[in-house]
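Take these sequences, add in the hints, and give me the full structure.
Number of protein chains: 2
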Amino acid sequence: MKKLNILHLGIGNVGREVIRQITQQKKAVRDSLGVSLDYQGEFTSKNTPEEINNAIQNAPLPFVLIDTTASEKTLPFLKLALKRGGFVVLANKKPLSGKQKDFDDLHKLGGKRLLYECTVGAGLPVIQTLKNLIITGDEILEIQGCFSGTLGFLFSQIDEGMSFSQTVLEAKEKGFTEPDPRDDLSGMDVARKALILARILGRKVELDDIQLESLYPEKLQKLNVEDFLKQLNTLDASYKEKQEKAQQENKVLRFVAQVTPEACTVGLQAVDAASEIGSLRGPDNLIVFKTKRYSQNPLVVKGPGAGIVVTAAGVFADVLAAAKML
Amino acid sequence: MKKLNILHLGIGNVGREVIRQITQQKKAVRDSLGVSLDYQGEFTSKNTPEEINNAIQNAPLPFVLIDTTASEKTLPFLKLALKRGGFVVLANKKPLSGKQKDFDDLHKLGGKRLLYECTVGAGLPVIQTLKNLIITGDEILEIQGCFSGTLGFLFSQIDEGMSFSQTVLEAKEKGFTEPDPRDDLSGMDVARKALILARILGRKVELDDIQLESLYPEKLQKLNVEDFLKQLNTLDASYKEKQEKAQQENKVLRFVAQVTPEACTVGLQAVDAASEIGSLRGPDNLIVFKTKRYSQNPLVVKGPGAGIVVTAAGVFADVLAAAKML
Chain A
8 MKKLNILHLG IGNVGREVIR QITQQKKAVR DSLGVSLDYQ GEFTSKNTPE EINNAIQNAP
68 LPFVLIDTTA SEKTLPFLKL ALKRGGFVVL ANKKPLSGKQ KDFDDLHKLG GKRLLYECTV
128 GAGLPVIQTL KNLIITGDEI LEIQGCFSGT LGFLFSQIDE GMSFSQTVLE AKEKGFTEPD
188 PRDDLSGMDV ARKALILARI LGRKVELDDI QLESLYPEKL QKLNVEDFLK QLNTLDASYK
248 EKQEKAQQEN KVLRFVAQVT PEACTVGLQA VDAASEIGSL RGPDNLIVFK TKRYSQNPLV
308 VKGPGAGIVV TAAGVFADVL AAAKML
Chain B
8 MKKLNILHLG IGNVGREVIR QITQQKKAVR DSLGVSLDYQ GEFTSKNTPE EINNAIQNAP
68 LPFVLIDTTA SEKTLPFLKL ALKRGGFVVL ANKKPLSGKQ KDFDDLHKLG GKRLLYECTV
128 GAGLPVIQTL KNLIITGDEI LEIQGCFSGT LGFLFSQIDE GMSFSQTVLE AKEKGFTEPD
188 PRDDLSGMDV ARKALILARI LGRKVELDDI QLESLYPEKL QKLNVEDFLK QLNTLDASYK
248 EKQEKAQQEN KVLRFVAQVT PEACTVGLQA VDAASEIGSL RGPDNLIVFK TKRYSQNPLV
308 VKGPGAGIVV TAAGVFADVL AAAKML
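In the order they appear, the protein sequences are chains A and B. Residues 8 to 333, numbered by this note's numbering, are exactly what the first sequence covers, in order. Residues 8 to 333, numbered by this note's numbering, are exactly what the second sequence covers, in order.
No lab work stands behind these hints: they were computed from the structure. Check the hints yourself; a few may be wrong.
It does not matter which identical chain is meant; a pair holds if it fits inside one copy or across any two.
[What the hints assert, rightly or not] In silico DSS-like pairs for lysine-lysine, Cα to Cα no more than 27 Å straight-line:
(1) K226 x K249
(2) K115 x K33
(3) K108 x K34
(4) K258 x K33
(5) K211 x K100
(6) K247 x K299
(7) K226 x K247
(8) K211 x K237
(9) K138 x K34
(10) K33 x K119
(11) K211 x K33
(12) K101 x K119
(13) K90 x K80
Every value quoted in this text rests on a predicted model; they were computed, and no experiment measured them.
This is the structure we're talking about:
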């Protein structure tokens, strides 16, 4: 019986669910893959860097280091784990959407031992699908995606005539947004996902290079949350105008990430209502791969791209991909 | 540098394209995975079983046996390859959609070394997605799919008011159907795909157990192709009636495979025009996974599910999955 030791950084909602799923499926994994998944350590922000470093330094091979934090500070741990010959599984987007050099270093150190399916679309098959297209020799013409369930919800409501401010407030009330809705409305989270996809395409690009169009003007950035929410209705007229103009052309507004071998843009677009992206409703994520092989009809993956349970399952699937390599 | 030796059964259109893609990407694979993909033998129906057996018996490990035939007779070769510790990659559906015992034997012998992404949806990520859902502990409630580009084309035309006979004849003329269109219209190919999915769900089920509704009546089976095509228009009134009835209810006709833990049906259904399946157009394939985790909004994969180049790329991706396990 082979054994895969697990070290785990970040035991929040997703982290706990990963542990729950792995525990529940431990026997099934043993039976089907002949691998025993054994937790060796769980770490939170309460642990010192020394403790974490020591644990990684002394972890018996083969091991996998899971990162379900949202921290920029895990990079040295990830590098150490890869240097030692361990696997790394990331739900954390930060290490791959920071500096290009860090992205490159992680890939050089890790190769196939670096797994991060969950960083785009949670449990949906996005990263592996893209990597398979590339390595089998397909040529990526364009990737289009809607990677924010929150913004998907907003613009589905706006389709139906609700005002921008009303729908943001409703989304916040329902818990669909971050505590500060600007964290969603800035588009930064989507930009990080687009950046990861662009880099997989082989582009050398930094976060600042992405043409990112925020959904609120700069001047509202300084306000506290409460004042920001009060000012939201000053944006309603502009969004109403955009929505009506789109509607006249049989289009709808969607917050779209667009990645090509030449460019990377993230922002609001008026897209044909009948297109893949235009027909997207509510909080679903969508990714459309247009390639040389999938040119006339693209390859499309759609479904919930966020949420504790499906994100955890995506992390778990990467752990299993590691287990298969033993 | 690790080496993965390749034996390959069935060098037709797809087989040749697999060889072309692997040859073209050989260097990229070596650079990114550190594995050299080396062809050791190509076999067609001109080779005797003894020749093939000998080649498998003497193949140096690690090796992968690719099956891009459409033959029922490759089973002993596949079993021998797995027994020897080799990998097996199937585009051929027959070995997995024959007797349940053979499906079980192949899986017992092969485990993770048995790969067959291409048997459903060609290069689309279907099988691996389903297996990941299951092993991470999700519960599959229902799989719905349109797995025939040919039948997809037919019913898109019928949506637009074309007669059944007219659209079959047009599809045949365009080369979208098999030489004998009954090979498509019987639904047998779709049934084999549904069977494979049902078996992955753990069901013990034979091809005969599937409720398969052919698109033409039994009595037309005896005719030669020419006479069959002449008789096609006797079916027009019945399809017209079905289409109009569906339209009145805001539905469209689709040839649907439906797999649940309890049942497996393949046949014509009137589905909501606005549903995932109802909004499918033309020759695309579609698969909708409704699971405990993806319940309200399913996980959907869509795109061309047939064709030489994308099928070959799917085979190649499985070969790469094998290479990663070295």
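Comparing the hints with the structure gives:
1. K226 x K249: This pair counts as within: shortest intra-copy Cα distance 20 Å, inter-copy 59 Å.
2. K115 x K33: between (31 Å within a copy, 19 Å between copies)
3. K108 x K34: So K108 and K34 pass the 27 Å test across copies only (24 Å; inside, 40 Å).
4. K258 x K33: neither (48 Å within a copy, 44 Å between copies)
5. K211 x K100: within (17 Å within a copy, 41 Å between copies)
6. K247 x K299: Neither. Shortest intra-copy (38 Å) and inter-copy (38 Å) distances fail the 27 Å Cα cut-off.
7. K226 x K247: Within one copy, since 20 Å is at most 27 Å while 61 Å is not.
8. K211 x K237: neither (40 Å within a copy, 60 Å between copies)
9. K138 x K34: between (30 Å within a copy, 16 Å between copies)
10. K33 x K119: both (23 Å within a copy, 17 Å between copies)
11. K211 x K33: This pair counts as between: shortest inter-copy Cα distance 24 Å, intra-copy 40 Å.
12. K101 x K119: within (19 Å within a copy, 32 Å between copies)
13. K90 x K80: within (17 Å within a copy, 47 Å between copies)
Hint compliance for this structure: hints 4, 6 and 8 are broken, all remaining hints hold.
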